[in-house]
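Fit chain B with the ligands to the supplied structure of chain A, relying on the hints for placement.
Number of protein chains: 2
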Amino acid sequence: MGDSNPLLSLDEDPVAVEALLRNVFEIVVDEAIQKGSSASEKVCQWKEPEELKQLLDLELRSQGESQEQILERCRAVIHYSVKTSHPRFFNQLFSGLDPHALAGRIITESLNTSQYTYEIAPVFTLMEEEVLKKLRVLVGWSSGDGVFCPGGSISNMYAVNLARYQRYPDCKERGLRALPPLALFTSKECHYSIKKGAAFLGLGTDSVRVVKADERGKMIPEDLERQISLAKAEGTVPFLVSATSGTTVLGAFDPLEAIADVCQRHRLWLHVDAAWGGSVLLSQTHRHLLDGIQRADSVAWNPHKLLTVGLQCSALLLRDTSNLLKRCHGSQASYLFQQDKFYDVALDMGDKVVQCGRHVDCLKLWLMWKAQGGQGLERRVNRAFALARYLVEEMKKREGFELVMEPEFVNVCFWFVPPSLRGKQESPDYSKRLSKVAPMLKERMVKEGSMMISYQPHGPWANFFRVVVANPALTCVDIDFLLNELERLGQDL
Amino acid sequence: MGDSNPLLSLDEDPVAVEALLRNVFEIVVDEAIQKGSSASEKVCQWKEPEELKQLLDLELRSQGESQEQILERCRAVIHYSVKTSHPRFFNQLFSGLDPHALAGRIITESLNTSQYTYEIAPVFTLMEEEVLKKLRVLVGWSSGDGVFCPGGSISNMYAVNLARYQRYPDCKERGLRALPPLALFTSKECHYSIKKGAAFLGLGTDSVRVVKADERGKMIPEDLERQISLAKAEGTVPFLVSATSGTTVLGAFDPLEAIADVCQRHRLWLHVDAAWGGSVLLSQTHRHLLDGIQRADSVAWNPHKLLTVGLQCSALLLRDTSNLLKRCHGSQASYLFQQDKFYDVALDMGDKVVQCGRHVDCLKLWLMWKAQGGQGLERRVNRAFALARYLVEEMKKREGFELVMEPEFVNVCFWFVPPSLRGKQESPDYSKRLSKVAPMLKERMVKEGSMMISYQPHGPWANFFRVVVANPALTCVDIDFLLNELERLGQDL
Ligand SMILES: Cc1ncc(COP(=O)(O)O)c(C=O)c1O
Ligand SMILES: Cc1ncc(COP(=O)(O)O)c(C=O)c1O
Chain A
23 MGDSNPLLSL
33 DEDPVAVEAL
43 LRNVFEIVVD
53 EAIQKGSSAS
63 EKVCQWKEPE
73 ELKQLLDLEL
83 RSQGESQEQI
93 LERCRAVIHY
103 SVKTSHPRFF
113 NQLFSGLDPH
123 ALAGRIITES
133 LNTSQYTYEI
143 APVFTLMEEE
153 VLKKLRVLVG
163 WSSGDGVFCP
173 GGSISNMYAV
183 NLARYQRYPD
193 CKERGLRALP
203 PLALFTSKEC
213 HYSIKKGAAF
223 LGLGTDSVRV
233 VKADERGKMI
243 PEDLERQISL
253 AKAEGTVPFL
263 VSATSGTTVL
273 GAFDPLEAIA
283 DVCQRHRLWL
293 HVDAAWGGSV
303 LLSQTHRHLL
313 DGIQRADSVA
323 WNPHKLLTVG
333 LQCSALLLRD
343 TSNLLKRCHG
353 SQASYLFQQD
363 KFYDVALDMG
373 DKVVQCGRHV
383 DCLKLWLMWK
393 AQGGQGLERR
403 VNRAFALARY
413 LVEEMKKREG
423 FELVMEPEFV
433 NVCFWFVPPS
443 LRGKQESPDY
453 SKRLSKVAPM
463 LKERMVKEGS
473 MMISYQPHGP
483 WANFFRVVVA
493 NPALTCVDID
503 FLLNELERLG
513 QDL
Chain B
23 MGDSNPLLSL
33 DEDPVAVEAL
43 LRNVFEIVVD
53 EAIQKGSSAS
63 EKVCQWKEPE
73 ELKQLLDLEL
83 RSQGESQEQI
93 LERCRAVIHY
103 SVKTSHPRFF
113 NQLFSGLDPH
123 ALAGRIITES
133 LNTSQYTYEI
143 APVFTLMEEE
153 VLKKLRVLVG
163 WSSGDGVFCP
173 GGSISNMYAV
183 NLARYQRYPD
193 CKERGLRALP
203 PLALFTSKEC
213 HYSIKKGAAF
223 LGLGTDSVRV
233 VKADERGKMI
243 PEDLERQISL
253 AKAEGTVPFL
263 VSATSGTTVL
273 GAFDPLEAIA
283 DVCQRHRLWL
293 HVDAAWGGSV
303 LLSQTHRHLL
313 DGIQRADSVA
323 WNPHKLLTVG
333 LQCSALLLRD
343 TSNLLKRCHG
353 SQASYLFQQD
363 KFYDVALDMG
373 DKVVQCGRHV
383 DCLKLWLMWK
393 AQGGQGLERR
403 VNRAFALARY
413 LVEEMKKREG
423 FELVMEPEFV
433 NVCFWFVPPS
443 LRGKQESPDY
453 SKRLSKVAPM
463 LKERMVKEGS
473 MMISYQPHGP
483 WANFFRVVVA
493 NPALTCVDID
503 FLLNELERLG
513 QDL
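Protein sequences, first through last, are from chains A and B.
Number 454 in the numbering used here belongs to position 432 of the first sequence; there are no gaps in the numbering.
Number 411 in the numbering used here belongs to position 389 of the second sequence; there are no gaps in the numbering.
Next up, chain A with everything else stripped away, as it sits in the complex (with noise of 0.2 Å):
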């Protein structure tokens, strides 16, 4: 050990290590950004997984590789992927390439740190703090708490037990088992994450309480109302509701300040689940979507949705001014929250929350929005929602398209009825035939690599499209595309 060399070839020569990543990041460019946005190239190469496999050879072996050969895989492994930031690529609630918020991860990449301590996040712990701010302002809040989750599902269970926590301190000692029996409210419409949170948290699934939604998928505040009386009749303690602003398949957004009064009158924690229809909030012309949201106690808010800043990125926004996060999460781990550092350790978030190491998933978000400002993002909100129109208008002007509901968002649900199909609603196995028309139409379009859009059965609703319009580089040429593109994958049906 008495050599000064460091172990690695790479590592010895600061020239070898900037010329892989230059290298990479002209692969980068030119096939994941030039080429993944572009419509002249396939949104996916879809390959079997057998013959996949055999592409990628994915095994890892002793031996290492040479840079030629770990070139030729990256390139490998961008050429096979599906291009999310495609213009046609509407198969997710995320969509397109912001280049400021991939600036954004390039750097936390190549800073790689924690946010847990101030010691090793100064800016960081700063800047979550300022984004969190200005998210809680659109949510209506002067004041407040939050931090940044790996994902809406997580920020969901975060409120479920902040409002648990809340009621009964008791229970992050005792357990559950020192607790009655809790029940909370969400629609049928609600993002599966509420249960799979209530089964992880310890409350079963069964605590669960599905609320009745309307026509278009907004929860019923009656149905509410009446589900409560009935689970209190039951015997367990209401403590949450959990209403959805852009709900998953349908884009419903629940009328929060009935739900708001609901809560107020039996003193139950309101959640707000605005992961996709959170970003709404920037808009003058659609906030109102999410009016009563300032009556929140908390919102889970994924600006790596709409606002594309890449995932993972969702704020858990809280109303609460007594530190309850720190109280509900926090350990005092003594190795990392020193109390005799030489700075006020309150800056240090790390406690705050149930991980230890937490990835920095602000630093995107605010350089995007220090190059669009409010004003930008604003306008690209707004054209999402023209778009996800112009593509509802150009569908009623064509034979074939059925609308599942006029869209208040930007999910535009719809049935291709191919030519076979058309006038023959009435005959009996309509539905049966119409449930196939998806998958057959989406195996063909992932096969030719044109575009990619979801399906799904929906409660009543036979296998019907969503497309999602999200990505600010769509034009109005790409929703014409998208539907001269379904009339001719499914021309021959």
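To be clear, the hints were calculated from the coordinates, so they are not data collected in a lab.
Remember, it's a predicted structure, so these values are computed and weren't measured experimentally.
Be aware that a few hints might be false.
Intra- or inter-copy, both count: the list cannot distinguish identical chains.
What the hints assert, rightly or not - In the EDC-like style, the derived pairs of lysine to aspartate or glutamate whose C-alpha atoms are separated by at most 20 Å in a straight line are: (1) Lys156 - Glu507; (2) Lys75 - Glu152; (3) Lys454 - Asp342; (4) Lys69 - Glu152; (5) Lys458 - Asp514; (6) Lys446 - Asp236; (7) Lys458 - Glu421; (8) Lys156 - Glu400; (9) Lys57 - Glu94; (10) Lys69 - Glu465; (11) Lys458 - Glu424; (12) Lys348 - Asp228; (13) Lys155 - Asp79; (14) Lys75 - Glu428; (15) Lys254 - Glu73; (16) Lys155 - Asp35.
Frame of chain A; chain B with the ligands shown alone:
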């Protein structure tokens, strides 16, 4: 909306996107990577929070900013951030920069997808499987299951949730109230995430029974046996033991064989928290420290620590082959996991987790492994052990360094005894005065930006330093610097 122009000036113009990213990349290479890992630069630029806020101008406004301003901001963010890849960053259980892992991270960010379905993450679905398989083989399992979680804390929670579900599948629906009171066991040296997890999962921190550790920080199996009897006598049902391979502060390895014997006798789920020490499995020379790990039911292992792949990368590995993970966490959301897909939906991993969107954490590890080979990684682990040993031996040659104990891993815990305290061990206020030394030295090193080492009080011990030898770029020169620098900073104390 008749126009066919996208919203954003940058989006209109692939050339501008490319120019921005190129400029940012240059800044990253110069400021974060080259300077960030150069011993002649500072490891941190300490600023008081108020001053730093001013310098960064964090506020988010309506108006966007010019590209020039944005690039200036990128420079500032990097400048004031702590350089965790710097050879004088000894502060956490991660340090250093692997260029291939960084390349993998940049590709991951540019592709921006989620791990939930094969449909949108074909490459990463197969790759995650392959990487997990490789990690399982190192544990000693030829089959099994697993998933990457956002950090070791959450991996640990998964283990606890799986263990209780396996024993009481009912709890998923009915919650903990339907179960007898449960007890889990871990040593007093365990990571704080075990208690945080117990609270979050609704078990309560009281359900965590703390087992004694010996003077080296290893769990005492006889005391485990005793605690189990005690818990049973108190009417609780033991269900899990969490042993630690590589404790956070002392770097201790619990005796897994003896603990596995106890678990077998009492039919308890054995979880091994190898978040820190798991990477030692790569070394033929040192992997004996984890002997018995193949008898575990679950293992948490964070390649983002010793293997330097970057936050976050934490694998939860399972011996189970009965699809426990999916049964425990699944909710079969029809909008994501359609059963009539045209490919084998068993490939979709989304229902193995309690998250919905899930960041891709496998590529960076896979790419680094391909480049280094298992051999290269093994050399790195061995090298870290050897350098830690070098540090210990050099300390012994100098006055004023007192080891807390001989390390068996790469955590080197010691006191720096300044000149005024040497030979005063017997004085009544020795310990009190000694405990002031580390915080004072820490303040000095951080304000000068010369080095970062964490300190903590621990058990009976006054504040001591914990140097973590993890950065693969370290050489003996850096270790010598560390010792000299402590002497220099502490010479007047
Ligand atoms: C309404 C809603 N809530 C929560 C989530 C979960 O967010 P994440 O995927 O970040 O866990 C989603 C995801 O689609 C969602 O649509
Ligand atoms: C032994 C041990 N387990 C678990 C963890 C938690 O890992 P993470 O920070 O990824 O949550 C740590 C973190 O330092 C640790 O040292």
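- Message: Check the structure against each numbered hint from earlier and tell me which ones fail, lowest number first.
- Response: 1, 3, 6, 14, 15 and 16
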